[in-house]
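Peer 1: Sequence:
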Amino acid sequence: MIILAATPIGNLGDASRRLVEVLENAEVVVAEDTRTTGRLLQALGIANRPRLIALHDHNEKQKAGELAVLAQEHDVVVVSDAGMPAISDPGYGLVAEAVAQGVTVTAIPGPSAVLMALAISGLPTDRFTFEGFLPRKPGERRSTLTALAAEPRTMMFFESPSRLASTLTDMGGAFGADRRIAVCRELTKLFEEVRRGTASELAEWAAGGVKGEIVVVVEGAPRRTVSADDALGQVQELVASGIRLKDACAEVAAATGLSSRDLYQSALAARRP
Numbered sequence: 000m001i002i003l004a005a006t007p008i009g010n011l012g013d014a015s016r017r018l019v020e021v022l023e024n025a026e027v028v029v030a031e032d033t034r035t036t037g038r039l040l041q042a043l044g045i046a047n048r049p050r051l052i053a054l055h056d057h058n059e060k061q062k063a064g065e066l067a068v069l070a071q072e073h074d075v076v077v078v079s080d081a082g083m084p085a086i087s088d089p090g091y092g093l094v095a096e097a098v099a100q101g102v103t104v105t106a107i108p109g110p111s112a113v114l115m116a117l118a119i120s121g122l123p124t125d126r127f128t129f130e131g132f133l134p135r136k137p138g139e140r141r142s143t144l145t146a147l148a149a150e151p152r153t154m155m156f157f158e159s160p161s162r163l164a165s166t167l168t169d170m171g172g173a174f175g176a177d178r179r180i181a182v183c184r185e186l187t188k189l190f191e192e193v194r195r196g197t198a199s200e201l202a203e204w205a206a207g208g209v210k211g212e213i214v215v216v217v218e219g220a221p222r223r224t225v226s227a228d229d230a231l232g233q234v235q236e237l238v239a240s241g242i243r244l245k246d247a248c249a250e251v252a253a254a255t256g257l258s259s260r261d262l263y264q265s266a267l268a269a270r271r272p
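Going by numbering that gives the first Met the number 0, 185 is the number at position 186 of the sequence shown; the sequence numbering is gapless.
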């Protein structure tokens, strides 16, 4: 069995009793960084010394098959340096290989920087999308943000302190001056901080220097107010470009707040002679 185990993102007090119990009895622990995991075991007072196997971005493709085979006979606990494995951390390739081999995969839930940042951001939580880290190159980053400009859901990003100010500036250019943003820093740690404002306000703050682990939460695009006829026209344009009718209706419905079902029925009716 593969056991994905969420570890604290900062505060050791967030380690669950179940996590401690599993680590105390683990024979094999697959870790993003074996040294970091060794320190975690020591900090949690775990006397067990399981076999530690490194799994990171550079070796996951080669290791996934071998570890999936191992998990057919043994419980293999998978941890990242912080948070849930496979979420912007190594683990997805291993899970995919385990599923392909018919190996059971489960998880020990726990701390999540993404969900914590969303919950305390003050921005809508009913629908959201996690975008991970943006591209490092400025041109690619701006292109990615431009493609997300019409996204109606709250958006979540990881970012490094050194690129935060430039990323916020690019967000202002792509999303507009009034889009609300929350920068969540050092979550669960001693200097936890949440800064809320517009992209330009936050870029000015970040230009002074920021440290720590960062999650950026961005308000989704406001829904456009359009008539049913205009929305039907948008659906027809998308279909003409090669998008399936069902998908086109869903996309326009998400952007306008209109019913996807009603748009679909209208589009079918418009096709009738």
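Hints listed in this document are in silico derivations from the structure and should not be mistaken for laboratory results.
None of the values given here were measured: they were computed from a predicted structure.
Keep in mind that a hint or two might mislead.
So the derived label-pair ranges between C-beta atoms look like this [stated by the list, open to error]:
hint: 1; residue 1: V225; residue 2: R194; range: 33 to 39 angstroms
hint: 2; residue 1: G101; residue 2: G37; range: 29 to 35 angstroms
hint: 3; residue 1: E200; residue 2: A149; range: 20 to 26 angstroms
hint: 4; residue 1: D56; residue 2: S240; range: 23 to 29 angstroms
Cβ atoms here follow ideal geometry from the backbone N, Cα and C, with glycine treated the same way.
Peer 1: For every hint, state whether the structure bears it out.
Peer 2: We went through each hint and held it up to the structure:
no., hint, verdict
1, V225 with R194: 33 to 39 angstroms, "holds (34 angstroms)"
2, G101 with G37: 29 to 35 angstroms, "holds (32 angstroms)"
3, E200 with A149: 20 to 26 angstroms, "holds (23 angstroms)"
4, D56 with S240: 23 to 29 angstroms, "violated (36 angstroms)"
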